[in-house]
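Peer 1: Sequence:
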Amino acid sequence: QAWLVVPLFHREALLGFAVLARPRAPRELNWEDYDLLRTAGRQVASHLAQEQASEALAQARQMEAFGRLSAFVVHDLKNVAAQLRLVVANAERHRHNPAFVEDAMRTVGHAADKMERLLAQLRAGREATREPAVRVDLEALLERVAERAAGRRPVPEVEVQDGGLQAVAAAERLADVVGHLVQNAQEATPPDGRVVLRLRREGAEAVMEVEDTGCGMDEAFVRERLFKPFDSTKGREGMGIGAFEARAFVQASGGRLEVRSRPGEGTSFRIRLPLAGTAARRAAQGA
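In terms of the working numbering, the sequence shown opens at residue 855 and continues consecutively.
Quick caveat, the hints were computed from the structure, so don't treat them as lab data. Check before you lean on any hint, since a few could be wrong.
What the hints assert, rightly or not - List of simulated lysine-lysine pairs, DSBU-like, C-alpha gap at most 35 Å:
(1) K932 x K1082
(2) K968 x K932
(3) K968 x K1082
From just these sequences and the hints, can you work out the full model?
Peer 2: This is the structure we're talking about:
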């Protein structure tokens, strides 16, 4: 049977009650007993408050992680949708061209694979479905990215100074990163401008460059906003995470992403990755 109810206060907030059963030996409580019960009640309340705060923090972190994951997935879905819209836009004019049909089927297949990966990320979390790193033929990758973006103007040009370069990275993620930079370059450049993809070797690194003659960015924007997640100049159309994700991926692959830009002149993004295999050994021997 209940004998004594001790309120549990933490910072003047009532968190609950502790109910004590009647003792076997009857006794009267004195002031020392009351002080002890008040002290014990405060200690119990403090532990309860700490437990509640820890649980709330864990839930908040889970929601934040899910929110960020959702934003990344939405960003990737936007790129997939852009590819499919490009196919639809050109279908009326080129539907009887076998080369276009073949390329369209390849694009649709790539989009389907990408969406399956995105669904897997939503189910299991981004890290659980991380794409494995493999040797990537960088020249072939740039050609593939340029081909996918050829339906938008200006049509990307590819200039290869050093062929046969390979790097170790997640191939599709790397293609997505370069594709994002190309898409941004096209959006920032008038149709009669230029978007150029370059590949060369510098020491033990492969350098992939995406350069445009578009509107450019000022130093303050590059320093303060370009790589800040969820900060977009495109309003509701943008998620503000493309450049942030690109730099994070390149750094995770052992490289770095550099940017040079001037308002009214254009922008250059350079992805530097360690060379893989024989190319790296040749570079080391020639140094």
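Peer 1: When the hints from earlier in the document are held up against this structure, which numbers fail?
Peer 2: none
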